[in-house]
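Participant: Sequence:
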Amino acid sequence: MMTPELAYFLKINVAIVLFYAFYRLFFYKDTFFHWRRVALLCFFAISLLYPLLNIQGWVKAHEPMVAMADLYATIILPEQTITPLQEPTMNWQELILLFIKIIYWSGILVLTTRFLVQLGSIIRLHIQCPKSTIQGVRVHLLKKEYGPFSFFHWIFIHPQSHTESEIGEIITHEETHARQHHSVDVLISELMCTFCWFNPFIWLMKREVRGNLEYMADHRVLETGHDSKSYQYHLLGLAHHKAAANLSNSFNVLPLKNRIKMMNKRRTKEIGRTKYLMFLPLAALLMIVSNIEMVARTTEKFAKEVMGQATTQVTSKPEIATIPELPAEEIQKIILPQEKKAQETLETHNKIVPDSVIFEVVEEMPDFPGGMKALMEYLSQNIKYPAEAHAKGIQGRVIVCFVVKKDGSIDNIKVVRSVDPYLDKEAIRVITAMPKWKPGKQRGEAVNVRFTVPVMFRLTGPETPKAEEIKQSDLEEVVVVGYGLKEDSNPDAVGVKTGDTEPTFKVVETMPKFPGGTRGLMQYLARSIKYPVIAQEKKQQGRVIIKMVVGKDGSLSEIKVLRSVSPSLDTEAMRVVSNMPKWEPGLQRGQAVAVEYTLPITFRLQ
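For the sequence shown, this note's numbering begins at 1248 and goes up steadily by one.
Hint data in this document are derived by calculation from the structure and do not stem from the laboratory.
A virtual CB, placed ideally from N, CA and C, is assigned to each residue, including glycine.
Just so you know, not all the hints are guaranteed correct.
[Stated by the list, open to error] Below, computed lysine-lysine pairings styled on DSS-like, alpha-carbon distance capped at 25 Å:
no.: 1; residue 1: K1753; residue 2: K1807
no.: 2; residue 1: K1620; residue 2: K1685
no.: 3; residue 1: K1661; residue 2: K1685
no.: 4; residue 1: K1512; residue 2: K1453
no.: 5; residue 1: K1476; residue 2: K1276
[What the hints assert, rightly or not] DEER-style ranges, computed between Cβ atoms:
no.: 6; residue 1: G1519; residue 2: F1346; range: 27 to 35 Å
no.: 7; residue 1: E1610; residue 2: S1665; range: 31 to 39 Å
no.: 8; residue 1: R1705; residue 2: K1661; range: 20 to 28 Å
no.: 9; residue 1: G1618; residue 2: D1654; range: 17 to 25 Å
no.: 10; residue 1: I1535; residue 2: Q1628; range: 36 to 44 Å
no.: 11; residue 1: N1511; residue 2: R1454; range: 18 to 26 Å
no.: 12; residue 1: K1390; residue 2: S1353; range: 29 to 37 Å
no.: 13; residue 1: E1470; residue 2: I1349; range: 47 to 55 Å
Using the sequences provided together with the hints, build the complete structure.
Facilitator: Next up, the structure:
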């Protein structure tokens, strides 16, 4: 039997297999090491979370299932069950399942023990090793000739085994691991391997995580100016060194061939970053498939519960008596009044559906006189946009639910989704005044059916939309449009005027222009902007948005930061904009005017 826990566990492992295949196919050869790190961590997070997210909130109205249960409940007969005493039999399925559980939990126990031993060895080295400062970095001095490694902000090194230049390379490498918190990735991958140890793809994923962290650290070493060839020879010299702890970020943890190949590889083009969004459709597909299975399992469980309740409506729980096997002549037969019971069953079966039963879906759904198009026309002609809601600028979609009874009348009107009391009240008023519908039918009999109608109240401008602009999908709901008053088209309306000062426009007929146009502006910015050293050291990047006013004479004033990234980047953006030459001013009806202008400046680290 597929339990929810087992289903969750299987979904995690299926996702890991798919994500690893996806990674190898699209990301494996990239040099976007930071993006690869984010993608790998997202793969782990999505694998754990997507089975828990569900969209089955709509599985709340169980009336059709209840109605079916009520019909079946009337024909279930009381029963007495007598079973002979049997010798207990061996359930092979349970034994196999128990055996699998023992193997699985034994594997977890072994790996957890290994994890704790490795963690304990690192903590022991942290306590026992003397501390020192090398090239301004706090390190732990190993007493034995182990390979250098780091764990969070602890850096371990055996300085006697390395030259001064090699120590500089090691310090840069391990400090990169420490500053970028690479040990978090290592721990996450270790824990995933512990609980999914039987899945070979999780071990492959762990190898990719560890490898990418080393690529990032190697790349940083080369960025700081260390010679590529000497660094690679240094790595080859450390190949024989034993690692003190496998849980840490070791300097020589990976096959050196892969690391050297990646160091010599040409950088991937920037356009390649866009493909990292391609895994989002895969994550969405996993969520959809997971919810299909979850809804099916929930529906099956609910059906069993409802049918069980239906049985108890007409009979108490069957009494089960267990007796030893007896000779046939000693067993007393139970004789039922067959004719009477058969007649009662036939009468019950011929009953019509009770008035209290409300269907959600029937063979022949109820219909408004004239069909759906007539319903839309009726609602659009009769609904009036409430003045109070119009004045307050309230708009939105009101969803109304009601029951079309056997005689076609409307009953039990409710607002399923509310927007505002005024809009809700108007929607209910019009639904209440509807003419009788053609009732729904099930097996040729008129039945009560629940129906839902969405009514969209939308405010718009003074112009009436053209018929050809209405999308086909808009016809599936009623759209009530409230039109505003026609505003004065005076050109001063597009500007902001304060006191006696000249108005500042936001939009004009001819917008202001930098000398040489957009191309000239881009060239000026590229030439003039200097990336602040502080921002480079702190890895700060992003888009600073500057707001300014281009005056009548083309000069710039009121320069402000509309969107900030960091003080150093903001200051540099303000400096460059303040030093700009005069612009060509904006024109309104042939006259130069002051115009508010927004300029985005992107700072990006390579």
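Participant: Compare the structure with each hint and give your call.
Facilitator: Status of the hints after comparison with the structure:
1. K1753 - K1807: holds (16 Å)
2. K1620 - K1685: Measuring from Cα to Cα gives roughly 15 Å; hence the hint holds.
3. K1661 - K1685: holds (20 Å)
4. K1512 - K1453: holds (23 Å)
5. K1476 - K1276: holds (22 Å)
6. G1519 - F1346: 27 to 35 Å: violated (48 Å)
7. E1610 - S1665: 31 to 39 Å: holds (32 Å)
8. R1705 - K1661: 20 to 28 Å: Because 23 Å falls inside the window, the suggested range holds.
9. G1618 - D1654: 17 to 25 Å: holds (20 Å)
10. I1535 - Q1628: 36 to 44 Å: Since I1535 and Q1628 have Cβ atoms about 40 Å apart, the given range 36 to 44 Å holds.
11. N1511 - R1454: 18 to 26 Å: holds (21 Å)
12. K1390 - S1353: 29 to 37 Å: holds (36 Å)
13. E1470 - I1349: 47 to 55 Å: The hint (47 to 55 Å, Cβ to Cβ) holds, given that E1470 and I1349 are roughly 51 Å apart.
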